[in-house]
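Q: Here is how the chains run, residue by residue.
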Amino acid sequence: MIEFASTFIVSAIQILLMLLATPLVCGIIRKTKARLQNRRGATIFQPYLDLSKLMRKEVIIPSTSSWIFRITPYVVLASMLLIALLVPTIFAPVPFHWMGDIITIIYLFAAARFFLALGGLDAGSAFGGLGSSREMSIASIVEPAMMLAVFTTAVTAGSTDLSIIVNRLSTTQASIIHPSHVLAFAGLFIVTIAETGRLPVDNPGTHLELTMIHEAMILEYSGRYLAFLELASQMKLLIFLSLLANMFAPVGMAIDTAPLSLIVGVAAFILKVAILAIVVALVETANAKLRLFRVPELLMVAFVLSLLALILYSIIGS
Amino acid sequence: MFDTQTISLGIEILAATILVTTFLIVSSRSLMFYVRLFAIQSFLLGLVALLVAVGFGETHILIAAILTIVVKATVIPIALSKVIDKIKVRKEIDFTINITTSLLLCALLVILADSVARPILEAQRMSDLAVFKVLPMSIAVMMIGLFIMIARKQAVSQIIGLLTMENGVFLSGLSITYGMPLIVEVGIFFDIFVAVLILGVFVFRINQTFDTINVDTIRRLRH
Amino acid sequence: MGYSLALPGFYFALLIGGFSFGAVVSLFFVRSNNANELTSQFVIRLGKNLGFGFSTLASLGGCALSLSVLLAGSPYQLEFGRTLPFGPLSINIDQLAAFFLAVISFLGIAVSIYSFGYTNEFVGRRNIAVFVFLYNVFLLSMALVVMAGNAILFLIVWEVMSVTTYFLIIYEHEDSSSRKAGILYIVMTHIGTALLLVMFITLAGFAHSFSFEAFRHVRTQIPPSVNTWIFLCALVGFGMKAGIVPLHIWLPEAHPAAPSNVSALMSGVMIKMGIYGMVRVFFDFLAPGPEWWGILVLFIAVASAVLGVLYALMEHDLKRLLAFHSIENIGIILMGIGAALLFSSFGSKTLAAVALLAGLYHVLNHAMFKGLLFLGAGSVVHATHTRNIDELGGLAKKLPWTMFFFLIGSAAISALPPLNGFISEWLTFQALLLGFDIPDLAVRLAVPVTVALLALTGALAAACFVKAFGVTFLGLPRSAHAEKAHESSFSMLFAMGILALACVAFGIAPGIMISLISRVTSSFFGESGSALSVLNVGTLTIPRGAGSGVSPLMLLSLLAGLIIAPIVVGFVLAGKIRTRTAMIWAGGLEKVEPRMQYTAAGFSKPIRMIFSNIFRATHEIEISEEMSAFYKPQIRYELKTESIFQKYLYAPVRQTTIAAAKIVRRIQTGHIQSYLAYIFITLILLLLFAR
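Chains as they are written, first to last, in our numbering: chain A, 1 to 318; chain B, 1 to 223; chain C, 1 to 691.
If we strip away everything but chain A, and leave its shape as in the complex, we get:
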């Protein structure tokens, strides 16, 4: 019973921490981008302010929409929260790790995307359809690339359970690390850029119909619904960064609940995510938005790299 309660408490803490950290990561990326572009930029806490304002605003529901439009923000946010429960951040294994493995996580992302795309189509506007169509097309290459990239580590660790993967990679000697992990990391990094709607795939900052993808899908959302969707998409970014950080560099990961290792875990996590966030900002600054039909070529790189990672792992000296 105590174990059961502690499972819930630890999970609740994990979710709350992720929720609190989420807007901050977004703020850091925006601030870094601003500095790189010689702007002063808003404070890194701006995303919190934006969200709290949106929470209090009125929601406009299109008269043409059905109940799909109204449940979408909740389903999308809930999926992200559920994934946040399954992804190891500062300690592994997470209490609920037996509930779902990496395949589950990827399909939960797919579920969120499925509803988001339906929400885009529901209002009956051209923009929504445009966004949904582009999102699903891009996802059709990104999703397999992601799956292959994470399978490379899964096969290394002999399990698809994310916590077990991270645990194994952090406790065993360096010999378990294989050069194919570099390819997988590169693949997953491109996937991260694409999945979280960053430049050069999508531009989170504009509403230009020629380029927008994610923003087009959620164009009809406002008020609290928009706040939930924004939070969900920021959370997705944090989840991807945690995946990148912890699957390929599980340094400092807490593997027990001793206070010291937890503190080290928190510090390592913050450091790794901050570095990755800055790298994302750098990539965003250094690249211009690609034309939509050039995007698949970039995504194919991710797909081919991830596939090669898995093949190389399976055939070369393992």
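Certain hints may be false.
[To be verified] PhoX-like mimics (lysine-lysine), calculated; alpha carbons at most 20 Å apart, straight line:
(1) K86(B) <-> K153(B)
(2) K91(B) <-> K153(B)
(3) K605(C) <-> K640(C)
(4) K484(C) <-> K605(C)
(5) K591(C) <-> K397(C)
(6) K289(A) <-> K86(B)
(7) K576(C) <-> K57(A)
(8) K398(C) <-> K484(C)
(9) K53(A) <-> K397(C)
The set of hints was computed from the structure by calculation and includes no laboratory data.
Take the given structure of chain A and dock chains B and C to it, following the hints.
A: What follows is chains B and C alone, placed relative to chain A:
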């Protein structure tokens, strides 16, 4: 300082990163991007050489490492970007083989490289893990370099292809014997350096004569 | 055995009797068609309802029969007609047969209930009695295919199944496309049957009997070359029925042509008869073969899955789209079977058991969600009289229940957790990943590629169902048909409800079905308990390696909790949600028009561009400039995608056949003397050879 295993791991990871940069070259269409990636690739190669030199005490590789970083990662990229600036061609427009197909073909090349390298390694009983993993990748880099020369039409891309190929050769040399004799190494080096200079001048001239650096047009010389 | 309450004999009689009565009964009622219009309609309706009532009852019997066999663990056998020249006709329901019988019967129940309401619109317009007859015979023949215990009975009922399907495809025979689809189907399926005949005769040559039992006894005595021959015959013969690429071309023509309840049965179970045959021959009749068998099946599986879903994406015809998805799902099922073949050729029975289990579970799940989707499509077509989704839209408000069930079906086929499609895809992924345990280069190359393409298939399927569901049900109605749509009758909704519930149940409680299916796999591979275990709260675990698991029930309950949490937290933090309904921005026009929405063609355009090498799409834009250069009253856009199989495989074959036929025609002189001469020459040749 470090044990052999850690150094081997470092070499493997750098080699995999080199393979990633090679794939990024294949995926791109901007000439400037090719050059930058090539610089990164050469820099990583220099690091591999450095690791071999320091880790296994092969001091003559040190010279090759420094040469690589200075010449391939700095001088040649700067020279090439100057050429690109001058000729004002920034993009690869038409391809012999489009990017998506190229990527898939290159993936096949990597598998092919592995199947080529495997019998050699198994016959030689190379128990060293680093060679086992790095040699296939370096052969793959060589093949992709040649592939770039086939798939791309701009003269600058051809140069990049050639240079990538040479990087692959150097990497495989490093992985098998921890470097060829210094004289061979330096010889290849100057060969490449001169080749790039000559090609650079060529590109410039071709552009002046034909108003393009698309090598297809050179066929006109037959008439 | 502790299952004395199970009465397989009674259930068997119910199954056979129910379908037979159902088939005959409505034929009697159509005869009394002499009273006035109203009574005659009433009588026909009564006959048809009786027919479907019997088929429902028989399907229930089938369910009970299969469950009793699965639980008892011993096969149910019957033999009759000992005087027949080929040996007795025997019924043998073993674990595998019972599993497939369960799939047929379960879908049979739902579709029969659906048919009560669905066929009402045929009354007075078509010969409904014939339809009911064919429907019952169709179900009966499928049940008998899996229950057959010898090759002759198998071939007879296989043929009955093919022919009834043909008549059901051309049921709406005034439509020339239906007739064409029927011809294509009957030709293709007979090529398949011919190969099966060859295969069974080869087997019988070794076994000296046509009974399956005898085939099993000689499985180790067949030389490898003959084994390969049998394997290839089975692969092509059964693959024809299953609709594998490149033998799939009949499927997207035939499935949409039939009435929707029949389409549901065809896609849900009939194509699975091909899978049944393959499993029966590969794992029951043949000893484990060389590894290229598995690689070949995996290759076909991958091609079917990817090409199936890609062609589905280009479809605007709702039922054709679903038919292409059947090809895709057959591919996913075959991935499990191919992996099982591959693993068993390396002697890893545990791995093979997991792979086969994944494939069989997908058979069941695909029957559920594809049945559901076809029934949903039937409701849509019933309500709007069009299958073109570009003429639909906004049906969410007109057909709320159909929409809800179709959403569940779409989510299940897109493998979204925690529904059933997700579980079987999860199992397939796990089974494939287990292949990394096998130290063989070919396996280690084949497995990552299969995994990659399975992942690609899953993502594309989700895209396709966002399109199919979104364009059909969401947004604004694109035509008058869609605007005047109405919800379907109760029996139709009830049937869809059963299947939707099954999709959810088989998703969140996979343990029940998996423990039943593992009885099937252990009948081939011995006890395979260690390969997969089902723990409490429906947690599915692969204990190999470091272990990995999934618990769909937990996922669903936590998801529900996490959906409620933001509502509560939002309320506490920022008060009650304030909403206002308003018209969306219409680009400056007064109100938003349906024409502004994305169409199905527009939706799938990016994917068409990405995979342009496969589609080879050509489009035509025609703009009639009547008024002025600035106002264009009519723009016609036509898009064609080319099937690489039609062009490079079937067209050459057809041309060669026609050319050959022209040569052969020369012997048709029309003179009786020459025909007599042929007979005479044949006779002489025979005498010479038979000397």
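Q: State for each hint whether it applies.
A: Status of the hints after comparison with the structure:
{"no.": "1", "hint": "K86(B) <-> K153(B)", "in the structure": "holds (18 Å)"}
{"no.": "2", "hint": "K91(B) <-> K153(B)", "in the structure": "holds (11 Å)"}
{"no.": "3", "hint": "K605(C) <-> K640(C)", "in the structure": "holds (12 Å)"}
{"no.": "4", "hint": "K484(C) <-> K605(C)", "in the structure": "violated (29 Å)"}
{"no.": "5", "hint": "K591(C) <-> K397(C)", "in the structure": "holds (19 Å)"}
{"no.": "6", "hint": "K289(A) <-> K86(B)", "in the structure": "violated (25 Å)"}
{"no.": "7", "hint": "K576(C) <-> K57(A)", "in the structure": "holds (11 Å)"}
{"no.": "8", "hint": "K398(C) <-> K484(C)", "in the structure": "holds (8 Å)"}
{"no.": "9", "hint": "K53(A) <-> K397(C)", "in the structure": "violated (33 Å)"}
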